[in-house]
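Chemist: Sequence:
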Amino acid sequence: MDEPVYIVSGYMRSGTSMMMKVLEGAGMKARYNTRKDEVLGEKYGRTDYHPNPGGFFELGRKEFDDPGFPGIFAGELIKVLHWRLKGLPSHPYRICFMTRDPKEIEVSYLKMFRRRPPFVLQKYHELVDGVVRDVNARGDSEILLVPHADMLKDPAAVLARLFRAGWPLTDLEKGAAQVDPSLYRSRPETLAEVRDTVPGLRTDMPDCLS
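Numbering (the numbering used here), first residue to last: 1 to 210.
It should be emphasised that the hints constitute simulated quantities derived from the structure, not laboratory data.
Given the structure is predicted, the values throughout are model-derived calculations rather than measurements.
Take these hints with a grain of salt, some might be off.
Quick list of simulated restraints, FRET-style, between CB atoms [as the list claims (entries may be wrong)]:
no., residue 1, residue 2, range
1, Arg138, Ser182, 36 to 46 Å
2, Val120, Leu145, 18 to 28 Å
3, Lys174, Thr203, 33 to 43 Å
4, Gly87, Leu145, 18 to 28 Å
5, Phe119, Arg185, 13 to 23 Å
6, Phe119, Arg61, 14 to 24 Å
7, Glu193, Lys62, 33 to 43 Å
Derived lysine to any residue pairs resembling SDA-like cross-links, with alpha carbons at most 20 Å apart [what the hints assert, rightly or not]:
no., residue 1, residue 2
8, Lys103, Pro199
9, Lys21, Gln178
10, Lys29, Pro168
11, Lys62, Leu88
12, Lys29, Gly68
13, Lys62, Val39
14, Lys62, Thr99
15, Lys29, Thr170
16, Lys103, Pro118
17, Lys123, Met12
18, Lys21, Glu173
19, Lys111, Gly54
20, Lys174, Asp154
A virtual CB, placed ideally from N, CA and C, is assigned to each residue, including glycine.
Using the sequences plus the hints, can you model the full thing?
Modeler: This is the structure:
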């Protein structure tokens, strides 16, 4: 069997970059480019809020379009946003899927983009269930859900869980030390306040989904 590709995934603003940094610290070889970091560093460097000061840990389109994908990343760690998972080519994948309180996702998204998230947060848990079903239906992959709150509370326990599941981690203590609690800035109790800062923001569910 081919060596698996290890993936961190999740909806935007759910802690995927934090998990990439943690797993890289725990000894995994992470593959990403820094172009997005450079571009957004220039943009947010002029403001008092940077959404990901530690980096985004993302591949570019050319890596996903490479004819050798995904085999060129066998045994390595990459970040794949949730919407790409369903279209991944046949290959064994081990997926760490980050979950988060949808109110926190909305706060973080509004702070970063100043507009409504492009997915329906009122149906967030149903959407996550759908991702799990799709991955399990593949027959070649495994998925573990990791709550963002668990990473803040006890990252060592989360890493131990991944290690038991066969993830090639070599330094759990160093990995756990990568979590920076000061970056937990998008709290559910601030949602109304943050919404008020975005002019014309709609917060209702689209009629077609209600």
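Chemist: Please go over all the hints and tell whether each is borne out by the structure.
Modeler: We went through each hint and held it up to the structure:
no.: 1; hint: Arg138 to Ser182: 36 to 46 Å; in the structure: holds (38 Å)
no.: 2; hint: Val120 to Leu145: 18 to 28 Å; in the structure: holds (19 Å)
no.: 3; hint: Lys174 to Thr203: 33 to 43 Å; in the structure: holds (41 Å)
no.: 4; hint: Gly87 to Leu145: 18 to 28 Å; in the structure: holds (21 Å)
no.: 5; hint: Phe119 to Arg185: 13 to 23 Å; in the structure: holds (21 Å)
no.: 6; hint: Phe119 to Arg61: 14 to 24 Å; in the structure: holds (20 Å)
no.: 7; hint: Glu193 to Lys62: 33 to 43 Å; in the structure: holds (40 Å)
no.: 8; hint: Lys103 to Pro199; in the structure: holds (19 Å)
no.: 9; hint: Lys21 to Gln178; in the structure: holds (7 Å)
no.: 10; hint: Lys29 to Pro168; in the structure: holds (10 Å)
no.: 11; hint: Lys62 to Leu88; in the structure: holds (15 Å)
no.: 12; hint: Lys29 to Gly68; in the structure: holds (18 Å)
no.: 13; hint: Lys62 to Val39; in the structure: holds (17 Å)
no.: 14; hint: Lys62 to Thr99; in the structure: violated (27 Å)
no.: 15; hint: Lys29 to Thr170; in the structure: holds (11 Å)
no.: 16; hint: Lys103 to Pro118; in the structure: holds (14 Å)
no.: 17; hint: Lys123 to Met12; in the structure: holds (15 Å)
no.: 18; hint: Lys21 to Glu173; in the structure: holds (13 Å)
no.: 19; hint: Lys111 to Gly54; in the structure: holds (17 Å)
no.: 20; hint: Lys174 to Asp154; in the structure: holds (13 Å)
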